[in-house]
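Student: What follows is each chain in one-letter form.
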Amino acid sequence: MPLAPEEVGEIREILGREPTPEELAMFEAQWSEHCSYKSSRLLLKLLPTGGSRVLVGPGRDAPAVEVFPGIAVVFKIESHNHPSAVDPYNGAATGIGGIVRDILTLGARPIALLDLLYLGEPSDPHASWIARGVVKGISDYGNRIGVPTVAGDTWFDSSFNRQPLVNVACVGLAKVEDLVGEQPRPGDLIVIVGNSTGRDGLLGSSFASKPLGKDVDRDIGAVQVADPLTEKLLIDSLAELVQRRLARYIKDLGGGGLTTAVSEVAAEFNLGAELDLDKLHLRTELTPLEILVSESQERMMVVVEPGKLSEVERVFEKYDLRYSIVGVFTDNGRIVARFRGRVVADVPSKELARPRAIRRASRPPAEALNGLTPALGLPEVSIPDSILKVLSSPNVSSRRWIYEQYDHEVGARTAVKPGYADAAVLKLDAGDRRGIAVKGDANPRYTYLDPFNGAANSVAECFRNLVSVGATPVAIVDELNAGNPEKPEQFWYFEMMLKGLAWMAGELGLPVVGGKVSFYNEDHLGRQVKPTTTIVGVGVVEEVSNVATMDFKVAGSAVVVVGTTFPELGGSEYLHRVHGLEVGEIPRPRPSSELRNSSLVLELVRRGLALAVHDIGLGGLGVALAEMAVLGGVGVEVDLGRVPCRGCLRVDEVVFSETQARYVVEVKAGDVDEVLELAGRMGVEVSVVGRTLSSGVYRLRSGGAVAELPLEVLRSTYLESLESSFR
Amino acid sequence: MVRVAVVKFPGTNCDEDVVRAFRELELDVEAKVVWYKDFRSAKWDAVVIPGGFSYGDWLRAGAIAARTKVLDEVREGVSRGLPVLGICNGFQVLVEAELLPGALLPNESGMFTCRWVRTVVERPRGPWLSLVPDRSRLDMPVAHAEGRYYVDEVTYSEISLKCPHLRYERGWNPNGSTYDIAGVGSENGSVLGLMPHPERAVGVLTPRGFNPGGELILRSIALSLRKGW
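Protein chains in written order, with our numbering: chain H, 2 to 728; chain F, 763 to 991.
Isolated chain H (complex conformation):
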């Protein structure tokens, strides 16, 4: 069990007596890694979290940043890895439910979801079952609650065959003046609203804080069951409470259930609480222990001052939501729970909410040397064949099979939709031309080979994707998916990812306003999955009709590459797909180039000089050009000799290198001089490498012809590869 013997000893000391079974369960839930961050808390202090736009930083259920004067974006990321391994459909669906409720706690209206899925190989039957269930779960839940799933990231790798990573993020919108978060006072009522409490998700956070068992079916009771209709009613009723200012404070009943919700609020505001467990509405008869730690979904705690209770009750009754008044906050710092007249728990809230941080040992494993093993003497391969192979990779090809299952339009804000650009763009409101861009990114192979630089590259990739649509990045949240923190060789990856993230976020001036840590991502044999740093970022768009998508628009434009290419094939999709290698030094993070090159791209979009923009990422320049051509239905011809390179000796290095800080931009022929002049003034290396064609062909030259492919072939490869592996 997750409570170690020395922790039980500590609990005895805190209480000065033997703990009751109920108290032990409360401590087990609250002191679980999932709720307490006990292994990560010391290192998390390295993250830059402040900034002029930050309204609410880490600590609350969700952070908030001011995107425009008076307008806040509340966004947060969450993992549901363990439940999704056991019950993919409900695991993923309840992940969406949980992250949406986090956004509601600040009084924001959820306007977008992102799903970041790291799944097993589609050819593996078990992994395919997980993938289908996860996508269906997100689809059914997200669609039903009326929040569009607008962006995400998907990756397929055999290390995730048994244990996927299911990260979900939600973005909410609120007026700054409407943000909820007054200080609860003694005498305030604790109202629990939503679903009846049942036995599902019992000690789920403690289940998520240990490795996956061999027989996962035995853990099925730790997975919660999803009820999107109740969630939708919670969204609607809380919007009404917030608008009428009837809630003093709102908190989700998530991991740790009632125990965590009450103890965290009490601890933060130096309060105690009296709970009457008989009052809570139940689905079935439960013991007090079960009531305290059940993680039944779609429940929220609303802190209400007594004078406003009747108004609050009327709102819940309007929406036919069940609720109960389970207790009051007190000033004595103790959480006292009663059941049938008997005190079943009496614990100090501070000690319950905040276990001692643990300093974990960290040591690089021998495997980490893969990241230093050069891929020497690669055989000569056909470039056109390689382009098709990389383009057909499930990590590269179109995610249409996934995003068409999601309602990405509900809300009527999605100005740039999935599949059209590097990030999604959402319009603020009717009659308002402003918007925000959102995107999430990770590269598990990078973080596996080099966790520090890999995590840094995740931040940079997210940054570039926002810039590509013409958005100014303002803040990010992170999800660190790591192995077993008790194993130094696995904890090392977490430590390095965190440091890489902290470094790059600081360099790019992006506050990490919130995040989540997920440990124990091991399969039943104790092998960790590829450690993965997922970043979700938000950018500001001044005018939603002036954004860039990545499809080539017209024939006869100039194709411009921004940034310098280095021979960086280590850890690339090309090396993996074509040569079967997962080794090498991954592309170096280049923060100063990122900043310089992005400011040029933003200026080009702002001045209307960029007809199309695409960042060069996975698969390199060859793939970026193919995607732009396919999506636009416009041919392209590029002279590789004109791509700004340093040290590239082979053609495949120019075509497939994944060097950071690069973009492809389509520029109207008549605007080329202005673009070059601007780039020169800003000190950005750019080059006109080719042009778009009126014929449906994709052509790369370097002296002679390197690759020539009909657009139709690229199109079917790009659009249908993923779909056909799930048909």
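The hints are simulated quantities; they were obtained by calculation from the structure and are not laboratory data.
Remember, it's a predicted structure, so these values are computed and weren't measured experimentally.
Yeah, the Cβ is synthetic: ideal placement off N, Cα and C, and Gly gets one too.
Possibly wrong hints are sitting among the right ones.
[Unchecked claim] Listed next, the stretches of chain H that the computed footprint assigns to chain F, with coverage defined by at least 3 CB atoms under 8 Å from CB atoms of chain F: (1) 306-314; (2) 416-423.
[As the list claims (entries may be wrong)] The calculated lysine-lysine pairs, modelled on DSS-like cross-linking and capped at a C-alpha distance of 27 Å, are: (3) F:K794 <-> H:K176; (4) H:K176 <-> H:K319; (5) H:K319 <-> F:K794; (6) H:K319 <-> F:K799; (7) H:K319 <-> F:K831; (8) H:K319 <-> F:K805; (9) H:K309 <-> F:K799.
Position chain F against the provided structure of chain H, taking the given hints into account.
Tutor: Positioned in the frame of chain H, the structure of chain F alone reads:
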């Protein structure tokens, strides 16, 4: 100002989108979300039953909402000529309530599908299509799991000869609808059901290669209500 009720059931989720679409187009229409318990048809000049998952799609999409008192009110309004538009789940509700013919079955793919499609309007008539020329193309997105329209042949020939309707353009049928039907109206066009979402096909929400097909429908009702049709 003319008043349009946008009826919200538990689980409806496109209600505010409809209201905002009217605002976005700056139409002279007061569109308001009305909670289903509070809906009385006499107070309104037109009614929209918007998309979503009323009652969580329990039983069948639209089946429970169709049996609420709201639909008695709507039926009474329809008998007076009140314009009623059902979008997506609203269309499913109108079909379940037998205010429109046919049925909406699960998509042929078996999956929820969200994508932009092209539709062609035939025999436009009535308040919702008053500005729409015959055979014109309206592009809009669909987002549903149960949108495969089905009717028997007799009813179909009646629809095609007498009623306003929308078809998916050849090659754009997203769900396997018979005769590519995307939307169907009553004979005089005062009741209209659409699987595509007009409120999402407005202004900058329209992707490259498509037209903002919802605008003409919303403008039609605004004008019709002001001038009579």
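Student: Need the status of pair K309 (chain H), K799 (chain F): alpha-carbon distance at most 27 Å?
Tutor: Measuring from Cα to Cα gives roughly 24 Å; hence the hint holds.
Student: Within the assertion that chain F covers the region 306-314 of chain H, do at least three residues meet a Cβ-to-Cβ distance smaller than 8 Å?
Tutor: violated (count 0)
Student: Between K794 (chain F) and K176 (chain H), does the CA-CA distance stay at or below 27 Å?
Tutor: holds (21 Å)
Student: Verify this for me: three or more residues of the region 416-423 of chain H with a beta carbon less than 8 Å from a beta carbon of chain F.
Tutor: n = 3 at 8 Å, threshold three: holds.
Student: Given the hint that K319 (chain H) pairs with K794 (chain F), does the C-alpha gap stay at or below 27 Å?
Tutor: holds (17 Å)
Student: For the pair supplied as a hint, K319 (chain H) and K831 (chain F), is the alpha-carbon distance within the 27 Å limit?
Tutor: OK: K319 (chain H) and K831 (chain F) at ~16 Å, within 27 Å.
Student: Below or equal to 27 Å on CA atoms is what counts here, so check K319 (chain H) against K799 (chain F).
Tutor: holds (9 Å)
Student: Between K176 (chain H) and K319 (chain H), is the straight-line Cα distance small enough, at 27 Å or below?
Tutor: Roughly 25 Å between the alpha carbons, so the hint for K176 (chain H) and K319 (chain H) holds.
Student: K319 (chain H) and K805 (chain F): Cα distance at most 27 Å?
Tutor: holds (21 Å)
The earlier numbered hint that this structure contradicts is number 1, and it is the only one.
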